[in-house]
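Which chain is which? The protein sequence lines are D and W, in order.
Residue numbers for the first sequence follow the numbering used here, beginning at 133 and rising by one.
Residue numbers for the second sequence follow the numbering used here, beginning at 37 and rising by one.
By construction, these hints were calculated from the structure, which means they are not laboratory data.
One or more of the hints may lead you astray.
What the hints assert, rightly or not - Chain W side only, calculated, beta carbon under 8 Å to chain D, not exhaustive: (1) 78; (2) 122; (3) 126; (4) 138; (5) 140; (6) 141.
To be verified - Listed below are several chain D residues computed to face chain W (Cβ distance under 8 Å; list not exhaustive): (7) 175; (8) 179; (9) 236; (10) 238; (11) 240.
By construction, the Cβ of each residue, glycine as well, lies at the ideal position given by its N, Cα and C atoms.
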Amino acid sequence: QKEVEQDPGPLSVPEGAIVSLNCTYSNSAFQYFMWYRQYSRKGPELLMYTYSSGNKEDGRFTAQVDKSSKYISLFIRDSQPSDSATYLCAMIVTNAGGTSYGKLTFGQGTILTVHP
Amino acid sequence: DTEVTQTPKHLVMGMTNKKSLKCEQHMGHRAMYWYKQKAKKPPELMFVYSYEKLSINESVPSRFSPECPNSSLLNLHLHALQPEDSALYLCASSQGWGGSNEQFFGPGTRLTVL
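The shape of chain D in the complex, shown without the other chains (with noise of 0.2 Å):
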């Protein structure tokens, strides 16, 4: 069993609508949550980045972050042709004495169409 598990996809939805990307982890040590979002042959470019429990929202985008369930979600509102990429969540570890290794461990990715 990975880590970090994310399903593939590929997912495919109409413009406007709202997309609900999600996540789930084994290690309860992972404390630090990240969603990147990578268009095709480029690099991953940082959307949003989580600790707490709980919501946090940056424009269209909504990470969830669920740390009893280990599940941790990305929404987004109206969505655009613009915003067909791969979305893939990361995690980084933090011990018991709260010291973080900047190891981040990916999910597999999910491939999102938004067709006009």
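Starting from the known structure of chain D, fit chain W onto it as the hints suggest.
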């Protein structure tokens, strides 16, 4: 400015060649990373430099040799590569080495080994 630049954008090399990939950031970040990404897979960590010292080597073959000449630059020297080393090589940087620091990626160098 959250830009990490990488050169070249594309590189084709034979198995006997020696080449280098370059990465630069001017955000004052003290941690820099090399990742390798194969098609339809997430990035895989190769090396981490923290304060210009190699902190992590993820058991990468010696035909890949990283170098951090100063806090803004990161190189990856390539020698005697194999066709299976063809991939997108990504550089990233963060303020420091730790979970409270977001990692910003460059656009990558697409490497093809013939």
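If you test the structure against every hint from before, which numbers come out violated?
2, 8
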